[in-house]
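There are 2 protein chains.
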Amino acid sequence: MPATDLPPEFALIARHFRPLAGPGALDLRDDAALLTPPPGRELVLTVDAMVAGVHFLPDDPPDLIGRKLLRVNLSDLAAKGATPLGYLMTVSTPRDTPEAWYAGFAAGLAVDQARYGATLLGGDTTSTPGPISLSLTAIGHVAPGTAVHRFGAQAGDAIWVTGTIGDGALGLAVALGRLADPTGHLLDRYRLPQPRVGLAIAGIATAGMDVSDGLVQDLGHLCRASALAATIDAEQVPLSDPARNAGRDWLETCLTGGDDYELLLAVPPAREAALRQAASRAGMAVTRIGAFHPGAPAVMVLGSGRKPLAFKKGGWSHF
Amino acid sequence: MPATDLPPEFALIARHFRPLAGPGALDLRDDAALLTPPPGRELVLTVDAMVAGVHFLPDDPPDLIGRKLLRVNLSDLAAKGATPLGYLMTVSTPRDTPEAWYAGFAAGLAVDQARYGATLLGGDTTSTPGPISLSLTAIGHVAPGTAVHRFGAQAGDAIWVTGTIGDGALGLAVALGRLADPTGHLLDRYRLPQPRVGLAIAGIATAGMDVSDGLVQDLGHLCRASALAATIDAEQVPLSDPARNAGRDWLETCLTGGDDYELLLAVPPAREAALRQAASRAGMAVTRIGAFHPGAPAVMVLGSGRKPLAFKKGGWSHF
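Respectively, the protein sequence lines represent chains A and B. Each number in the working numbering corresponds to the 1-based position in the first sequence with 109 added. Each number in the working numbering corresponds to the 1-based position in the second sequence with 109 added.
Be careful, since some hints might not be right.
Unchecked claim - Pairwise CB distance ranges, derived in the manner of DEER restraints: (1) A:P203 <-> B:D297: 25 to 35 Å; (2) B:P207 <-> A:P203: 19 to 29 Å; (3) A:A309 <-> B:A223: 35 to 45 Å.
Claimed, not checked - From chain B, some residues computed to sit far from chain A (all C-beta separations above 12 Å): (4) A223; (5) D290; (6) Q303; (7) R353; (8) A394.
Unchecked claim - Listing some non-contacts, in silico: residues in chain B with all C-beta distances to chain A over 12 Å: (9) W210; (10) V220; (11) R224; (12) R287; (13) G307; (14) P377; (15) E381.
FYI, nobody ran anything at the bench for these hints, they're computed from the structure. For glycine and all other residues, C-beta sits at the position ideal for the given N, C-alpha and C.
Model the full structure from these sequences, guided by the hints.
Quick look at the structure:
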């Protein structure tokens, strides 16, 4: 082979990934990317791995896999109040992965990087004897000192969530054949998270995170980080119509299942109007579901008649 | 389970990875890290994936796997002339991976992040039904506009390499039982690359990269990126004593095998003294092995009597 011929890996990169490359990516021809940080801004960095059979189903459409990989990371940026900038990724695939898989995967990324304002800075493609394994490092920016953290909630802050809770976990049940989904809404929500990029939470939320491991468990993280207890009212937790139609037997799944990618925020009552304004500007729904109060870190979920609910998984605790 | 109990993943992170966390990592308790870019510097970003059975052997010692994961990325930073700053990583492991594996892996990272001046900013740990799959995104910085690229070599520039070439590829042959290694040097070089962090190539090299896919193939990349031809003299390519002792039958492996992680640089003759000074300050060896000249992108390797050598793999070409 003459030195000017390139192995198939390079052709794959040129065809499918180079069109995603942004400024500083050096056309993905180099060993590293350059990034001139926006002047006077702080960078926010996050990384997630996704493995076939663990985070997505092997026969999920590849464009949705690409979009989900990007979106779960953008969701982490959104939870900090950060503006997306760019991303690097690794793509490890079995040798017999058809070219159409890469084409679909890249097409999904193309749609969403345009939608959310990020470009590909660099990456690495390798083979694997195992399942498809992906990672994505996302980079965003905030005004210095304004990033929202898990810690910082104050007693008396209300607990808010964006969108609806539980659709992702129910969507997984649909994908596994355990639940009917006549409208397709639940499966779509499982496959394609809606990261709340653009909700301007800096200066409004005292603490926050995205809900990826389940509302109750993730609220437990906020409690621990802020050394507070939390009470939420199950009846106030916003459910989509399809989730409501699934019936009360699925309520625990909604509150403790994962894959919501909604934002969970601590907001002082005095900033409620500001939050509603920010949500309105971003075209997003926000719902108050409870409050933080002094006490050992724990989450209480109240059901009808304000009686505490006990869940098998992830969350319930006495005070 | 009360909300304040954490799943085993969190305990694993707390025990093994939190001690690696640096400023901005928020103790790995948050969803994202913060990075205040060094004022007036440009960032350099690179990412590599490593999969068991592809990039390392499943029974390689875990500390060496961690060190190699970090070092191959630091090698990419070194090739840009960048100073390391921090890194994010993903670690996907089978469920039955023993705790000692994580302890060893993290211990290896601890040694090398101290040695090379980088800290862990963030990460993600997941399970996988397949082989151990790792990724690492490294972040460094350079004075704006001074990063060394693959393009930019000029006709007449000499071709230089750091260290010795071929040890990594021979080390893999040793690991596979195909070659004896009485001193252990070759296997050590395969398992533990020596990234040339600290060689101040900005303003000296007109182009450069690290040699990871084999000297001849990677020189082909520089030729294409700079639209030049290159000739190297096989007798000038620096070999370690163990590589030389392997005999001439292994020369092709040395020149076309991978895993060198030495720097391959284009340096104008007028800057030779500056390169030698920089190498001396960094305690590294540098050797001139050839030159770039006008012509279609191609690599010619001359053997004894300046006769072109033909290789089965990766590189040889007519002019």
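Status of each hint after checking the structure:
no.	hint	in the structure
1	A:P203 <-> B:D297: 25 to 35 Å	holds (31 Å)
2	B:P207 <-> A:P203: 19 to 29 Å	holds (26 Å)
3	A:A309 <-> B:A223: 35 to 45 Å	holds (40 Å)
4	A223	holds (21 Å)
5	D290	holds (26 Å)
6	Q303	holds (17 Å)
7	R353	holds (25 Å)
8	A394	holds (22 Å)
9	W210	holds (17 Å)
10	V220	holds (22 Å)
11	R224	holds (20 Å)
12	R287	holds (21 Å)
13	G307	holds (16 Å)
14	P377	holds (20 Å)
15	E381	holds (24 Å)
Hint compliance for this structure: every hint is met.
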